[in-house]
Amino acid sequence: TQLLEQSPQFLSIQEGENLTVYCNSSSVFSSLQWYRQEPGEGPVLLVTVVTGGEVKKLKRLTFQFGDARKDSSLHITAAQPGDTGLYLCAGKQGGSEKLVFGKGMKLTVNP
Amino acid sequence: KAGVTQTPRYLIKTRGQQVTLSCSPISGHRSVSWYQQTPGQGLQFLFEYFSETQRNKGNFPGRFSGRQFSNSRSEMNVSTLELGDSALYLCASSPRIGGISGNTIYFGEGSWLTVV
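Protein chains in written order, with the numbering used here: chain A, 1 to 111; chain B, 1 to 116.
Hints were generated in silico from the structure; no laboratory data involved. We treat Cβ as the ideally placed atom computed from N, Cα and C, and that holds for glycine. Errors might be hidden in some of the hints.
Derived pair list, reagent style BS3-like, types lysine-lysine, alpha-carbon separation capped at 30 Å [as the list claims (entries may be wrong)]:
id	chain 1	residue 1	chain 2	residue 2
1	B	13	A	103
2	A	57	A	106
3	B	13	A	70
4	A	56	B	13
Examples of chain B residues lying across from chain A (beta carbon under 10 Å, computed) [unchecked claim]:
id	residue
5	27
6	51
7	60
8	115
Which chain B residues face chain A? A few, computed with CB under 7 Å, are given here [as the list claims (entries may be wrong)]:
id	residue
9	28
10	31
11	42
12	94
13	113
14	114
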């Protein structure tokens with residue numbers, strides 16, 4: 001059972017376009033983290049959100065945690081080729097350090 | 001400060017052999033978790049250690065085991081390797097366990113295991 005569903009799973013866009021990736025669940029998470037992973041490397045943390053309704057901005061990236069802490073979104077403005085990679089959302093539940101991952105969204109930004 | 005360090009980065013093993021992977025967490029981090037990443041299944045949780053004790057375990061067979069040392073360094077072992085064990089094995093560390101404060105988890109670069 002995949003607790004976190006990410007959509008879309010694949011996206012190929014041109015440089016300068018905007019995009020949004022969604023991470024949805026029927027479960028409540030104590031916190032949610034977004035990672036970006038390049039081929040052959042480990043996931044690199046982008047942001048952690050913990051409060052329902054929280055919005056965090058990281059340069060051209062905007063992250064939002066749903067009010068009920070069941071979903072999240074990542075919006076990228078004016079995508080650049082350097083944004084290419086696999087974007088993963090991962091949630092923590094209760095007092096465990098275990099992360100539940102979505103399958104990820106593979107983003108390709110063409111110059 | 002140094003990030004999460006995993007060794008070896010790449011290795012090739014034969015079916016039936018065993019393998020041991022090593023992880024050094026970020027200095028001061030006491031919680032270490034292991035994940036398996038495959039193209040079909042994505043990232044799946046293997047187990048988590050804190051203060052040398054296994055705190056959580058994922059749905060993997062008993063061939064997968066791990067341990068944590070007093071300096072928080074961790075190893076995982078896979079015995080009787082199968083072709084399906086070929087994957088990227090990722091280690092992650094965090095400062096503490098539990099709480100709702102958004103404890104952040106950092107990953108190493110992973111160990112690529114190929115079973116032939």
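Cross-check of the supplied hints:
1. B:13 <-> A:103: Distance ~27 Å between residue 13 of chain B and residue 103 of chain A Cα, so the pair holds.
2. A:57 <-> A:106: Distance of about 21 Å is within 30 Å: holds.
3. B:13 <-> A:70: Not satisfied, since the Cα-Cα distance of roughly 41 Å exceeds 30 Å.
4. A:56 <-> B:13: violated (44 Å)
5. 27: This interface hint is violated because 17 Å lies over the 10 Å limit.
6. 51: violated (12 Å)
7. 60: Cβ of residue 60 of chain B sits 13 Å from chain A, so the hint is violated.
8. 115: Residue 115 of chain B check fails; min Cβ-Cβ to chain A is 18 Å, beyond 10 Å.
9. 28: violated (15 Å)
10. 31: holds (5 Å)
11. 42: With Cβ-Cβ at 5 Å, under 7 Å, it holds.
12. 94: The hint holds - residue 94 of chain B has a Cβ within 7 Å of chain A, the shortest such distance being about 6 Å.
13. 113: violated (13 Å)
14. 114: violated (13 Å)
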